[in-house]
Amino acid sequence: MAETFFERVESALGAGSPKLVYQPMMRYPQRDILGLEALFRWQLAATGELCTPVTLFPQLQPQHTSELFFWVLDQASQEVQNLTGWTGYQGFVSVNMEADQLGDPDLWSRVTSTLEFHELPPSRLVLEITERRAIPDFPTVQRNLKSIQRSRVRLAMDDFGEGFASLDYVRQLQPSYLKLSGQMTRNMPHDTFNTAVVRLAVGFAQATGASLVVEGVEWAEQAKALSDMGVRDMQGYLFGKPAPIEEWATLLKRPQPQVN
2 MAETFFERVE SALGAGSPKL VYQPMMRYPQ RDILGLEALF RWQLAATGEL
52 CTPVTLFPQL QPQHTSELFF WVLDQASQEV QNLTGWTGYQ GFVSVNMEAD
102 QLGDPDLWSR VTSTLEFHEL PPSRLVLEIT ERRAIPDFPT VQRNLKSIQR
152 SRVRLAMDDF GEGFASLDYV RQLQPSYLKL SGQMTRNMPH DTFNTAVVRL
202 AVGFAQATGA SLVVEGVEWA EQAKALSDMG VRDMQGYLFG KPAPIEEWAT
252 LLKRPQPQVN
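For what it's worth, the working numbering labels the leading residue of the sequence shown as 2, then goes sequentially.
Hints in this document: simulated from the structure, not taken from any laboratory. We put the CB at the ideal spot given by N, CA and C, even for glycine. One or more of the hints may lead you astray.
Label pairs and their computed distance ranges (CB to CB) [said to hold, decoys possible]:
1. Q207 with Q150: 15 to 23 angstroms
2. P140 with L252: 38 to 46 angstroms
3. R172 with R151: 15 to 23 angstroms
4. R172 with P123: 20 to 28 angstroms
5. R172 with G86: 37 to 45 angstroms
6. W87 with P123: 27 to 35 angstroms
7. P140 with R32: 29 to 37 angstroms
8. E117 with P190: 23 to 31 angstroms
9. G86 with D192: 30 to 38 angstroms
10. A208 with L45: 44 to 52 angstroms
11. T113 with A197: 39 to 47 angstroms
Taking the hints into account, I'd like the entire structure generated from these sequences.
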């Protein structure tokens with residue numbers, strides 16, 4: 002009998018439990034929270050340390066990738082709805098997904114049933130597609146993309162500029178968000194190459210109708226330089242480290258406005 006994803010993690014890291022932490026995406030300079038990205042962690046039973054076991058398995062088998070995605074989607078939908086009840090939070094939650102999962106014939110039905118079960122509106126879900134693998138050109142993929150595009154679920158392309166066939170991904174996915182990798186924003190505004198890349202990304206996002214989210218923003222000078230180049234949406238330690246949903250409930254003292 003094949004072991005589950007969580008059994009693989011436990012055999013590698015030791016006894017523990019899966020959990021989610023969340024990192025905000027912010028509108029700058031207002032610092033309004035647009036959404037929270039759900040990030041998987043494994044909490045060690047012995048020490049309480051939070052580990053990222055998925056990095057230990059860069060070649061996850063498809064069934065493990067799918068198992069992890071649907072677990073995160075289910076847990077994040079529930080926790081964000083809890084956050085809404087506690088604080089009035091109305092932003093989105095984003096969940097990471099491998100591109101080849103678009104070929105799963107059950108993908109869309111399972112996504113919609115999860116949202117319906119937790120009563121989370123589709124407009125409050127963003128699926129972040131990674132660029133590590135090419136999108137397979139199968140009829141199932143096209144059907145899933147059309148279903149997503151017809152719904153109010155939005156797509157984001159994660160680590161834009163780093164992975165496989167970025168421009169072709171944009172053409173196929175028609176994402177609402179392009180997330181520019183933090184690798185491209187290091188040492189700004191002093192790195193002239195990265196500054197040029199950001200300017201190109203800003204123009205490209207505007208031309209395609211996508212919102213650009215710059216990752217890896219860690220200090221105020223960097224945020225100011227990005228803002229001066231037309232970047233409005235940012236993510237990074239400057240705005241908040243990944244934290245459990247209970248900590249966000251404490252931090253969110255007032256209802257957050259819905260920002261499209």
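Consistency of the hints with the structure:
1. Q207 with Q150: 15 to 23 angstroms: holds (20 angstroms)
2. P140 with L252: 38 to 46 angstroms: holds (45 angstroms)
3. R172 with R151: 15 to 23 angstroms: holds (18 angstroms)
4. R172 with P123: 20 to 28 angstroms: Once the Cβ atoms are compared, 23 angstroms apart, the range 20 to 28 angstroms for P123 and R172 holds.
5. R172 with G86: 37 to 45 angstroms: With Cβ atoms ~39 angstroms apart, the hint holds.
6. W87 with P123: 27 to 35 angstroms: violated (22 angstroms)
7. P140 with R32: 29 to 37 angstroms: This hint is violated: roughly 44 angstroms between Cβ atoms.
8. E117 with P190: 23 to 31 angstroms: With a Cβ separation near 46 angstroms, E117 and P190 fall outside 23 to 31 angstroms, so the hint is violated.
9. G86 with D192: 30 to 38 angstroms: Because 44 angstroms falls outside the window, the suggested range is violated.
10. A208 with L45: 44 to 52 angstroms: Between A208 and L45, where Cβ atoms are some 46 angstroms apart, the hint holds.
11. T113 with A197: 39 to 47 angstroms: holds (42 angstroms)
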